[in-house]
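Asks: Residue numbers (this note's numbering): 1 to 286.
Some hints here could point you the wrong way.
Taking lysine to aspartate or glutamate pairs in the EDC-like style, the calculated list, with each CA pair at most 20 Å apart, reads [claimed, not checked]:
1. LYS153 - GLU281
2. LYS153 - GLU92
3. LYS256 - GLU281
4. LYS26 - GLU51
5. LYS14 - ASP34
6. LYS153 - ASP115
7. LYS45 - GLU277
8. LYS167 - ASP115
9. LYS156 - GLU134
10. LYS167 - GLU199
11. LYS117 - GLU46
12. LYS14 - ASP185
13. LYS175 - ASP115
14. LYS164 - GLU92
15. LYS175 - ASP34
16. LYS153 - GLU280
17. LYS270 - GLU249
18. LYS203 - GLU174
19. LYS41 - GLU51
20. LYS175 - ASP187
21. LYS284 - GLU249
22. LYS117 - GLU88
23. LYS41 - GLU150
24. LYS256 - GLU278
25. LYS202 - GLU29
26. LYS203 - GLU29
27. LYS202 - GLU92
28. LYS164 - GLU280
29. LYS153 - GLU174
30. LYS248 - GLU280
31. LYS192 - GLU51
32. LYS284 - ASP267
33. LYS175 - GLU134
34. LYS37 - GLU278
35. LYS117 - ASP43
36. LYS101 - GLU128
FRET-style restraints, in silico, Cβ to Cβ [unchecked claim]:
37. VAL151 - ASN197: 36 to 42 Å
38. GLU88 - LYS117: 24 to 30 Å
39. THR250 - ALA104: 30 to 36 Å
40. ARG86 - ALA253: 53 to 59 Å
If you are wondering where the hints come from, they were derived from the structure by calculation, not from laboratory data.
This structure is a prediction, so every number in the text was calculated from the model and none was measured.
Here a beta-carbon is modelled for each residue, glycine too, at the ideal position from N, C-alpha and C.
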Amino acid sequence: MEKTQKTNKPLNLKDDIMFKVFFSRKGNEEFLIDFLKALLKIDIKEIKIQEEVNLEKLSKKEKGGRLDLQAKLDNGTIVNIEMQLRNEHNIEERTTYYSSKVIARETERGTKYKDIKQVIMINILDYEMLGFDEYISETAVVLDKHREYEVLKGIKWYFIELPKFRKQNPNMNEKINQWLAFIDDYDRGLVKMAEENNETLKKARLQISYLTGDEEAKRMQWLEEKWEMDRVSEIGYAEEKGKEQGIKETQIATAKELLKMNMKLEDIIKVTKLTKEEIEEIKKEI
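Make the full structure from the sequences, and use the hints.
Replies: This is the structure:
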């Protein structure tokens, strides 16, 4: 009988799949509303999740591809949230590309430009990205000579850097800090304080406990980890093959030059490390 591999890594909201499953789950809308109200500082009465993450559907794919968490606010604003644990050095380019795709996907043919709704891209990062102390950065497009004048308000980007949050002494009376402590799940003291100050987080903890007890969710976490390990292995293999190919091409090019110089066969073998048969084949091409 095939044994199911398990992981001892605790599941929390920094896990990509758990983050999407938790916030996209039907009945959990209040949690995303509470988080977004705290971050965006706007009133949100209703929210519509674009698509609930279905674990059974995902498990058939047998891979841990990146999942989008996208929602539409009651004022029409589209919010896209991504959890990024590793620095792949492309977050600025990728979030720019994603935002344009979101606009294109949500804009039907014939839509007037003035009716295109605002898109907000939220990136929660488990690494430091910007050279500033602030752990929450909101972007704005302004005029070069009039920095006080904001233009192109249709897209907003937020970058939340969790390592910077940990280094500071956050005011735990602020709801956004309560949510960041809860999501980060790093400092148990801060997490306890957050849950004591926020009734919504107490309810969220019960949902997390329920989901982390779901064997299918654990299986999906393992599949995601396996997919990542396979991806890294494939990259390493490709790089190694690339190096080997580069060495072989250099050996062949050197052999060609030495043959043109009429160097002895045994000397070419010593210099290039190629076999006699390989050099004979190269000689035919010259």
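Asks: Look at each hint and say if it fits the structure.
Replies: A quick look at each hint next to the structure:
no. : hint                        : result
1   : LYS153 - GLU281             : 64 Å, violated
2   : LYS153 - GLU92              : 18 Å, holds
3   : LYS256 - GLU281             : 11 Å, holds
4   : LYS26 - GLU51               : 10 Å, holds
5   : LYS14 - ASP34               : 18 Å, holds
6   : LYS153 - ASP115             : 13 Å, holds
7   : LYS45 - GLU277              : 77 Å, violated
8   : LYS167 - ASP115             : 42 Å, violated
9   : LYS156 - GLU134             : 17 Å, holds
10  : LYS167 - GLU199             : 26 Å, violated
11  : LYS117 - GLU46              : 16 Å, holds
12  : LYS14 - ASP185              : 8 Å, holds
13  : LYS175 - ASP115             : 32 Å, violated
14  : LYS164 - GLU92              : 18 Å, holds
15  : LYS175 - ASP34              : 8 Å, holds
16  : LYS153 - GLU280             : 67 Å, violated
17  : LYS270 - GLU249             : 16 Å, holds
18  : LYS203 - GLU174             : 18 Å, holds
19  : LYS41 - GLU51               : 25 Å, violated
20  : LYS175 - ASP187             : 16 Å, holds
21  : LYS284 - GLU249             : 17 Å, holds
22  : LYS117 - GLU88              : 30 Å, violated
23  : LYS41 - GLU150              : 18 Å, holds
24  : LYS256 - GLU278             : 11 Å, holds
25  : LYS202 - GLU29              : 15 Å, holds
26  : LYS203 - GLU29              : 12 Å, holds
27  : LYS202 - GLU92              : 34 Å, violated
28  : LYS164 - GLU280             : 62 Å, violated
29  : LYS153 - GLU174             : 26 Å, violated
30  : LYS248 - GLU280             : 15 Å, holds
31  : LYS192 - GLU51              : 31 Å, violated
32  : LYS284 - ASP267             : 18 Å, holds
33  : LYS175 - GLU134             : 17 Å, holds
34  : LYS37 - GLU278              : 69 Å, violated
35  : LYS117 - ASP43              : 17 Å, holds
36  : LYS101 - GLU128             : 26 Å, violated
37  : VAL151 - ASN197: 36 to 42 Å : 38 Å, holds
38  : GLU88 - LYS117: 24 to 30 Å  : 29 Å, holds
39  : THR250 - ALA104: 30 to 36 Å : 46 Å, violated
40  : ARG86 - ALA253: 53 to 59 Å  : 38 Å, violated
In terms of the numbered hints stated before, the structure departs from hints 1, 7, 8, 10, 13, 16, 19, 22, 27, 28, 29, 31, 34, 36, 39, 40, listed from lowest to highest.
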